[in-house]
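Protein chains: 2
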Amino acid sequence: MPVLKFDDVEAEVVRPGLQRKIIHTGELMTVLIDFTDGPWDEKEPPHSHPHAQTSYVAEGEIIFYCEGEDEQHLKKGDMFYVYPHKNHTVKLLTKHVRLIDSFSPLREDFL
Amino acid sequence: MPVLKFDDVEAEVVRPGLQRKIIHTGELMTVLIDFTDGPWDEKEPPHSHPHAQTSYVAEGEIIFYCEGEDEQHLKKGDMFYVYPHKNHTVKLLTKHVRLIDSFSPLREDFL
Chain A
1 MPVLKFDDVE
11 AEVVRPGLQR
21 KIIHTGELMT
31 VLIDFTDGPW
41 DEKEPPHSHP
51 HAQTSYVAEG
61 EIIFYCEGED
71 EQHLKKGDMF
81 YVYPHKNHTV
91 KLLTKHVRLI
101 DSFSPLREDF
111 L
Chain V
1 MPVLKFDDVE
11 AEVVRPGLQR
21 KIIHTGELMT
31 VLIDFTDGPW
41 DEKEPPHSHP
51 HAQTSYVAEG
61 EIIFYCEGED
71 EQHLKKGDMF
81 YVYPHKNHTV
91 KLLTKHVRLI
101 DSFSPLREDF
111 L
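Going down the list, the protein sequences come from chains A and V.
Letter 47 of the first sequence, counting from 1, is numbered 47 in my numbering, and no numbers are missing.
Letter 59 of the second sequence, counting from 1, is numbered 59 in my numbering, and no numbers are missing.
Note that these hints are calculated values from the structure, not bench results.
From the three backbone atoms N, C-alpha and C, an ideal C-beta is built for every residue, glycine too.
Be a bit skeptical, because a hint or two may be false.
Think about it this way: if two alpha-carbon atoms lie no more than 25 Å apart in a straight line, the pair counts; the simulated PhoX-like pairs of lysine-lysine are [claimed, not checked]:
#, chain 1, residue 1, chain 2, residue 2
1, A, K76, V, K21
2, V, K76, A, K21
3, V, K75, V, K91
Over 10 Å on every C-beta distance to chain A, these chain V residues come out as not near it, computed from the model [what the hints assert, rightly or not]:
#, residue
4, P39
5, D41
6, P45
7, S48
8, H96
Stretch-level coverage of chain A by chain V, calculated; a stretch enters the list once three of its residues show a Cβ under 8 Å from a Cβ in chain V [what the hints assert, rightly or not]:
#, segment
9, 2-12
10, 23-32
11, 65-76
12, 90-104
Next up, chain A with everything else stripped away, as it sits in the complex:
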């Protein structure tokens, strides 16, 4: 079935406070990420990858940091994108944050 029903699929625990569920097809991957250990005093260390990324803030509020850009306060309903190879990161402002991250090509490191 080309669906992921949230209640039927166990999340992958990446670390305490960070769980994810993944779908993918062709050269496209979408990752539902639930952070539950906010708010944070500090941002996560920035990282980069060769994949294009888009993100939708499905729950909560964050600060989004992207190399060469002003930091952005984003909340539920907002979106951001990340050019390939650009350093970026987030800081949680609320206890629960859900991000819907899409990548192309596939993040083979997530499979």
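Based on these hints, arrange chain V on the given structure of chain A.
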């Protein structure tokens, strides 16, 4: 700025009851779609495209139909994906439905 703040960007009205906001980078596009004319008695006519698609149900409930698969009742938090060239469509079960659709490569017809 590589962000789309929902409150700051006017939606594109595709037709009455269907609005969208778009971000894209590289070969990746994400489209925030707000349907406000549900529920529907009938599904939309199925369509297909050569792009891979993933979708997150951000608000509301739908029936998702995909060629060769059983129909699926999906609600907020659920996801689906569409193989390139597969016929698919949805039927709204609630007045408001928000889908976060991602495509690779870009939907040039949306630009």
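Results for each hint:
no., hint, verdict
1, A/K76 x V/K21, "holds, 14 Å"
2, V/K76 x A/K21, "holds, 14 Å"
3, V/K75 x V/K91, "holds, 12 Å"
4, P39, "holds, 20 Å"
5, D41, "holds, 23 Å"
6, P45, "holds, 19 Å"
7, S48, "holds, 13 Å"
8, H96, "holds, 13 Å"
9, 2-12, "holds (count 6)"
10, 23-32, "holds (count 9)"
11, 65-76, "holds (count 5)"
12, 90-104, "holds (count 4)"
Hint compliance for this structure: every hint is met.
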